[in-house]
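K.L.:
Generate coordinates for the entire structure from the input sequences, incorporating the hints supplied.
Chains A and B are the protein sequences, given in the same order.
Take any residue in the first sequence, note its place counting from 1, add 548, and you have its number in our numbering.
Take any residue in the second sequence, note its place counting from 1, add 5, and you have its number in our numbering.
Please keep in mind that the hints were generated in silico from the structure rather than gathered at the bench.
One or more hints might be untrue.
One-sided and incomplete, this derived list gives chain B residues near chain A with beta-carbon spacing under 7 Å [stated by the list, open to error]:
| hint | residue |
| --- | --- |
| 1 | A284 |
| 2 | A329 |
| 3 | I330 |
| 4 | Q333 |
Cβ coordinates follow ideal geometry from the N, Cα and C atoms, glycine included.
The lines below spell out each chain.
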Amino acid sequence: MEILFQQIINGLVLGSMYALVALGYTMVYGIINLINFAHGEVLMAGALVSWTVVTALAGLGLPGWLLMIIALACAIVVCTLLNFAIEKIAYRPLRNAPRLAPLITAMGMSLLLQTLAMIIWKPNPKPFPQLLPTDPIQIGGAVITVTQVLILVTTVVILGGLLFLVNHTKMGRAMRATAENPRVAALMGVKPDAVISLTFIIGAALAAVAGLMWAANYGTVQHSMGFMPGLKAFTAAVLGGIGNLAGAMVGGVLLGLIEAIGAGYLGDLTGGVLGSHYADIFAFIALILVLTLRPSGLLGERVADRA
Amino acid sequence: MHNKSKLITFLIAGVLLLVLPLFAQSFGNGPVRIIDLALLYVLLALGLNIVVGYAGLLDLGYVAFYAVGAYLFALLNSPHLAENFEHIAAAFPNGLHLPLLLAIALAALLAGLFGVLLGAPTLKLRGDYLAIVTLGFGEIIRVFLNNMEYPLNITNGPRGIGQIDGVHFLGFQFSQNHTFFGIEVNSVSMYYYLFLALVIASVVICYRLENSRIGRAWMAIREDEIAAKAMGINTRNMKLLAFGMGATFGGVAGSMFGAFQGFVSPESFSLQESVMIVAMVVLGGIGHIPGVILGALLLAALPEVLRYVAGPLQEMTDGRLDAAILRQLLIALAMIVIMLMRPRGLWPSPEHGKSRPLPPGAQPPANAGSAINA
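P.N.:
What follows is the structure, encoded as structure tokens:
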């Protein structure tokens, strides 16, 4: 029972990071129907920038929480600029091109960012210092660290804020209108280009937060770290129904839980035949199952077939 | 007149292709190896082109079929199975040494089967949902290859399978040097001729498919699935056939890769490879055979050539820019820049051109003004 409880906590922590990244995917997809393959790399950039800031300021003797906030601020600035530039350079000129063209530039961007990160930060994994107290907190037999508590709280706050932004502000209404139909939205005085840039900026900020969380939680940063979380987060977005904000959140948390619980119990259930190495495929098997039964995801609308 | 000049071009190209390795092998095996691998990529790109280019189904896990072919060949042509399973060793005391044609047939069959297996649950999905599911499928295969060493050691895990026999055909070993008419042809050049033959066969198959009833059915599905259905096309079977056919090419390329390298490991079948193959198809000109070949050659061979200039650059940049990084950088830049300059690929298929200039005096089609079908 304690193991289950522990795995649920781990799953929620992992799931909240997935959810933050998945939101970036799903918002971009909702508005311009593009899988932004470079989004995982934005998370990586966020983590590496915060690592640089934290190690550079380590000698000043600032308290850990302050360092973290400074690092986060820097990461958010760099990531939003980065994602803004990616959209402007690689996606905007191809808005009316054949569908696969922006997908290829997105994959190219992902590869480019990884390579650049490898050149700038060198390929070796770097330890991310512990900034917050590491004493575990006991809850009903399970342990949770301060970092993990912070991850959960921050995620809930951010998700709440985002839902408010999208559903109850003028800016959010412009975003929803553009997602629905950019042409008509433009006729109503919305500037689709500005809205699209804004979407990329918000997505990048969320990814930067997730990047710092990832670094702080796992204690190591590397140029290739964005790839798997990006893939899983996209899976989460599809699982929940791509283009749907609540879907991305549900999908992310669900995926985190599936992975954590699956990895925790797989060895016991199969008598040691299948170990936790197989954790990575849970995400994909769950995805295939869900999509076979509900082709548009858990919360996705059933759109009429259009070619 | 026109036919005659075409024939001459073909002949010249044929002769050039035949002597190319003999010329290249004078610089050592390195350049010929690069050409060989580029030919395998051409094979893969042609296969993926059936799925993505003709049928319009975006497959991001294509490398899985490549892996299936490679591992099949590796298992059947290396001592690995005999070492790990006693009754296999007892049944085949000399090991299984499959002849070329049987190996190709088996790899094609198994990969085709996997293709249909992947296709079946994904028939209802479209566009990007399909992309992510196929991507997941590719990852699942890779994770299995990485971990199937316990409890039964089937794939030998991340260490991979080595000691794979080369190809032999009618008692003829491809992994040895031979002398024909006084010209010495070494093993990598032998493989070059084998791969070239396979590529030519594939090009012929693709051309025949493209103009067949099946090919036209695929293109109809690509353009508008519902309309295709309404025209009496069995879209389910046609999509499965596209997956199966495409996978077949991947399987054959994989088995050849296994034979050529003599070693397979899960590392060779990462998602990056799938992305590369998709990029080859799209950069070259999706659905257009010459374009696809161009894309494959460009992305597979050009970055390799740059390895030779990387040495001085590496010293200049304090080891930050080594050959592998430079290659990756170049591929990434090529993917972005080519797409930005030519969104429909370097050599797109002409009949797809919607912007063909109208003959002077011709009326534009009636619906040219309404662009609301985006």
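K.L.:
Next, verify each hint and record whether it holds.
P.N.:
Going through the hints against the structure:
1. The restraint placing B:A284 at the interface with chain A holds, with a minimum CB-CB distance near 6 Å, inside the 7 Å limit.
2. The interface hint given for B:A329 is violated, since its Cβ lies 9 Å from the closest Cβ of chain A, which is over the 7 Å cut-off.
3. For the restraint placing B:I330 at the interface with chain A, the shortest Cβ-Cβ distance is roughly 6 Å, inside the 7 Å limit, so the hint holds.
4. Hint status for B:Q333: holds, given a least beta-carbon distance of 5 Å to chain A, under 7 Å.
When the structure is compared with the earlier hints, a violation turns up for hint 2 alone.
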